[in-house]
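> Each chain is listed here by its residues.
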Amino acid sequence: AQSVTQPDIHITVSEGASLELRCNYSYGATPYLFWYVQSPGQGLQLLLKYFSGDTLVQGIKGFEAEFKRSQSSFNLRKPSVHWSDAAEYFCAVINQAGTALIFGKGTTLSVSS
Amino acid sequence: GAVVSQHPSRVICKSGTSVKIECRSLDFQATTMFWYRQFPKQSLMLMATSNEGSKATYEQGVEKDKFLINHASLTLSTLTVTSAHPEDSSFYICSAREEKTQYFGPGTRLLVL
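Heads up: the sequence lines are chains A and B, in that order.
If you number the first sequence the way our numbering does, the last residue is 227 and the count never jumps.
If you number the second sequence the way our numbering does, the last residue is 183 and the count never jumps.
These are calculated hints, taken from the structure and not from any lab test.
Heads up, the beta-carbon is just placed ideally off N, CA and C, and yes, glycines get one too.
A few of these clues could be false.
Keeping only pairs whose Cα atoms sit at most 30 Å apart, straight-line, the calculated DSSO-like set for lysine-lysine is [claimed, not checked]:
hint, chain 1, residue 1, chain 2, residue 2
1, A, LYS163, B, LYS84
2, A, LYS182, A, LYS163
3, A, LYS182, B, LYS125
4, B, LYS111, A, LYS175
5, B, LYS111, B, LYS170
6, A, LYS219, B, LYS170
7, B, LYS90, A, LYS219
8, B, LYS170, A, LYS182
9, A, LYS175, A, LYS219
10, B, LYS136, A, LYS163
11, B, LYS136, B, LYS125
12, B, LYS125, A, LYS175
13, B, LYS134, A, LYS219
14, B, LYS136, B, LYS84
15, B, LYS136, B, LYS90
16, B, LYS84, B, LYS111
17, B, LYS136, B, LYS111
18, A, LYS219, B, LYS136
19, A, LYS163, A, LYS219
20, A, LYS182, B, LYS111
21, B, LYS125, B, LYS170
22, B, LYS134, B, LYS90
23, B, LYS84, B, LYS125
24, B, LYS136, B, LYS170
25, B, LYS170, B, LYS90
26, B, LYS134, B, LYS170
27, B, LYS111, B, LYS90
28, A, LYS163, A, LYS175
29, B, LYS125, B, LYS90
Chain A side only, calculated, beta carbon under 10 Å to chain B, not exhaustive [claimed, not checked]:
hint, residue
30, LEU133
31, PHE148
32, GLY155
33, GLU202
34, ILE208
35, PHE217
36, GLY220
Pairwise CB distance ranges, derived in the manner of DEER restraints [what the hints assert, rightly or not]:
hint, chain 1, residue 1, chain 2, residue 2, range
37, A, THR222, B, GLU157, 36 to 42 Å
38, B, GLY86, A, GLY176, 45 to 51 Å
39, A, HIS196, B, THR150, 38 to 44 Å
40, A, GLU178, B, LYS84, 47 to 53 Å
The shape of chain B in the complex, shown without the other chains:
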């Protein structure tokens, strides 16, 4: 089946720094990728839809200047958390769409100190 990778799997950073998370579709091309955030014991919250070669579409309440998304190729989307603060600590999961099915990466655990 389709495989999606994420890197890093876990990151700890100081408050005020920026963190970049990569999402790659390994065996298929994805014009559309998605970024989710998941709080403990909760479902996934869609943050934004990343479209190759164009600007991302952000969900209501998600700060586009804080969560920068770049989808420069058909296999790579990146999420940069700028000037991270402790409240940004969370589990971030990406997915890539192949036809009508989304395939998910393993997630990135971000801890901001």
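Just chain A, same shape as in the assembly:
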């Protein structure tokens, strides 16, 4: 069965430092992968997605993610974190039927000054 694992429940990063949020997936075929961000009390905003092609994907707000098939990973990165990046981050994969998203449990990012 397809699944998504986000190993880190909570991460704290200093403002200006780099960030990497981990995501591992279990999927039988070529996955369609997504990263979403959720601020408190808000819906989810799409940061970036990977369907095929270049394995390094650029997204909004300075985020990027790299698809590594050999590691079944799709880690999210940002070179310099801003206080406004504090939020909940969800990694997701589309199911094999292409009908629904399977979400990880999320990683809470805190930014310290």
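Place chain B on chain A using the hints.
For chain B alone, coordinates are given in the frame of chain A:
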């Protein structure tokens, strides 16, 4: 990017009453929309898939007679929580699919007294 709206953003109702939540895709047509429920500090739980012009598909454990879904047009899906009880209090989020990507609404906070 694609924009999805939800209305209302927040609703308080008495136990036993019904509440309707609207989800609209503002700049694209969506034959498929999704309804999620999110508990505090948790990931999204898919409740049902809403297909324009046909019956919704409910996830296991979701009462279809309690959570009525109507997808009457390509830009509007509604979720009606019937005879709401305090345990139905939650954050409800909809999404609309454009090709393989889901775009999320801002969510509706429901409080049943």
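> Are the hints correct? Go through all of them and say.
Evaluation of the provided hints:
For the given pair, LYS163 of chain A sits about 41 Å from LYS84 of chain B by alpha-carbon distance, which is inconsistent with the 30 Å threshold. For the hint linking LYS182 of chain A to LYS163 of chain A, the alpha-carbon distance of about 14 Å falls within 30 Å, and the restraint holds. Pair hint LYS182 of chain A plus LYS125 of chain B does not hold up; C-alpha atoms about 38 Å apart against a cutoff of 30 Å. The suggested pairing of LYS111 of chain B with LYS175 of chain A holds, with an alpha-carbon distance near 24 Å, which does not exceed 30 Å.
Pair hint LYS111 of chain B plus LYS170 of chain B holds up; C-alpha atoms about 27 Å apart against a cutoff of 30 Å. For the proposed pair LYS219 of chain A and LYS170 of chain B, the alpha carbon gap of about 21 Å is at most 30 Å, so the pair holds. Simply put, LYS90 of chain B and LYS219 of chain A have alpha-carbon atoms about 28 Å apart, close enough for the 30 Å limit, and the pair holds. Pair hint LYS170 of chain B plus LYS182 of chain A holds up; C-alpha atoms about 20 Å apart against a cutoff of 30 Å.
Using a Cα cut-off of 30 Å, the hinted pair LYS175 of chain A and LYS219 of chain A holds, with the two alpha carbons roughly 22 Å apart. Between LYS136 of chain B and LYS163 of chain A the alpha-carbon distance is near 34 Å, which puts this suggested pair outside the 30 Å criterion. A hinted pair counts as satisfied when its Cα atoms are at most 30 Å apart, and LYS136 of chain B with LYS125 of chain B qualifies at roughly 15 Å. Distance check on the hinted pair: LYS125 of chain B and LYS175 of chain A sit about 38 Å apart at the alpha-carbon level, beyond 30 Å; violated.
A C-alpha spacing of about 25 Å is found between LYS134 of chain B and LYS219 of chain A, which places the hinted pair at or below 30 Å, so the restraint holds. A C-alpha spacing of about 16 Å is found between LYS136 of chain B and LYS84 of chain B, which places the hinted pair at or below 30 Å, so the restraint holds. Distance restraint check for LYS136 of chain B and LYS90 of chain B: the Cα-Cα separation of roughly 12 Å lies within the 30 Å cut-off, and the hinted pair is therefore satisfied. With a CA separation close to 25 Å, the supplied pair LYS84 of chain B and LYS111 of chain B stays within the 30 Å bound.
With a CA separation close to 24 Å, the supplied pair LYS136 of chain B and LYS111 of chain B stays within the 30 Å bound. The straight-line distance between the Cα atoms of LYS219 of chain A and LYS136 of chain B is roughly 26 Å, inside the 30 Å bound, and the hint therefore holds. At roughly 18 Å between alpha-carbon atoms, LYS163 of chain A and LYS219 of chain A fall within 30 Å of each other, so this suggested pair holds. Restraint check for LYS182 of chain A and LYS111 of chain B: the C-alpha separation of about 29 Å stays at or below 30 Å, so the hint holds.
Restraint check: the Cα-Cα separation between LYS125 of chain B and LYS170 of chain B comes to about 21 Å, which is no more than 30 Å; the hinted pair holds. Annotation: proposed proximity of LYS134 of chain B to LYS90 of chain B holds, straight-line Cα distance about 14 Å (limit 30 Å). With a C-alpha separation of about 28 Å, the suggested pairing of LYS84 of chain B with LYS125 of chain B holds against the 30 Å cut-off. Only pairs whose Cα atoms come within 30 Å are accepted, and LYS136 of chain B paired with LYS170 of chain B is accepted, the gap being roughly 29 Å.
Under the criterion of a C-alpha separation no larger than 30 Å, the hint pairing LYS170 of chain B with LYS90 of chain B is consistent with the structure, at around 27 Å. At most 30 Å may separate the alpha-carbon atoms for a hinted pair to count; LYS134 of chain B and LYS170 of chain B meet this at roughly 26 Å. Between LYS111 of chain B and LYS90 of chain B, the direct Cα distance comes to roughly 25 Å. Compliance with the 30 Å bound is thereby established for this hinted pair. Distance hint between LYS163 of chain A and LYS175 of chain A is fulfilled; the C-alpha atoms sit about 14 Å from each other, no more than 30 Å.
Restraint check for LYS125 of chain B and LYS90 of chain B: the C-alpha separation of about 17 Å stays at or below 30 Å, so the hint holds. The beta carbon of LEU133 of chain A is not positioned within 10 Å of any beta carbon in chain B (closest approach about 20 Å), and the interface hint is therefore violated. Interface restraint check for PHE148 of chain A: the shortest CB-CB distance to chain B comes to about 7 Å, inside 10 Å, so the restraint holds. With 10 Å as the threshold, the beta carbon of GLY155 of chain A comes within range of chain B, its nearest partner Cβ sitting at about 7 Å, so the hint holds.
Residue-level restraint check for GLU202 of chain A holds (minimum Cβ-Cβ distance to chain B is 9 Å; threshold 10 Å). With 10 Å as the threshold, the beta carbon of ILE208 of chain A comes within range of chain B, its nearest partner Cβ sitting at about 6 Å, so the hint holds. With a least beta-carbon distance of about 5 Å to chain B, the hint placing PHE217 of chain A at the interface is held under the 10 Å criterion. Satisfaction of the interface hint for GLY220 of chain A is found here, the shortest Cβ-Cβ separation to chain B being roughly 5 Å, below the 10 Å cut-off.
At about 25 Å, the CB distance of THR222 of chain A to GLU157 of chain B disagrees with the hint of 36 to 42 Å. The given range of 45 to 51 Å is respected by GLY86 of chain B and GLY176 of chain A, whose C-beta atoms sit roughly 48 Å from each other. A beta carbon spacing of about 40 Å between HIS196 of chain A and THR150 of chain B agrees with the range 38 to 44 Å that was offered as a hint. Between GLU178 of chain A and LYS84 of chain B the beta carbons are some 48 Å apart, a value that agrees with the proposed interval 47 to 53 Å.
Of the numbered hints stated above, those contradicted by the structure are hints 1, 3, 10, 12, 30 and 37, listed in ascending order.
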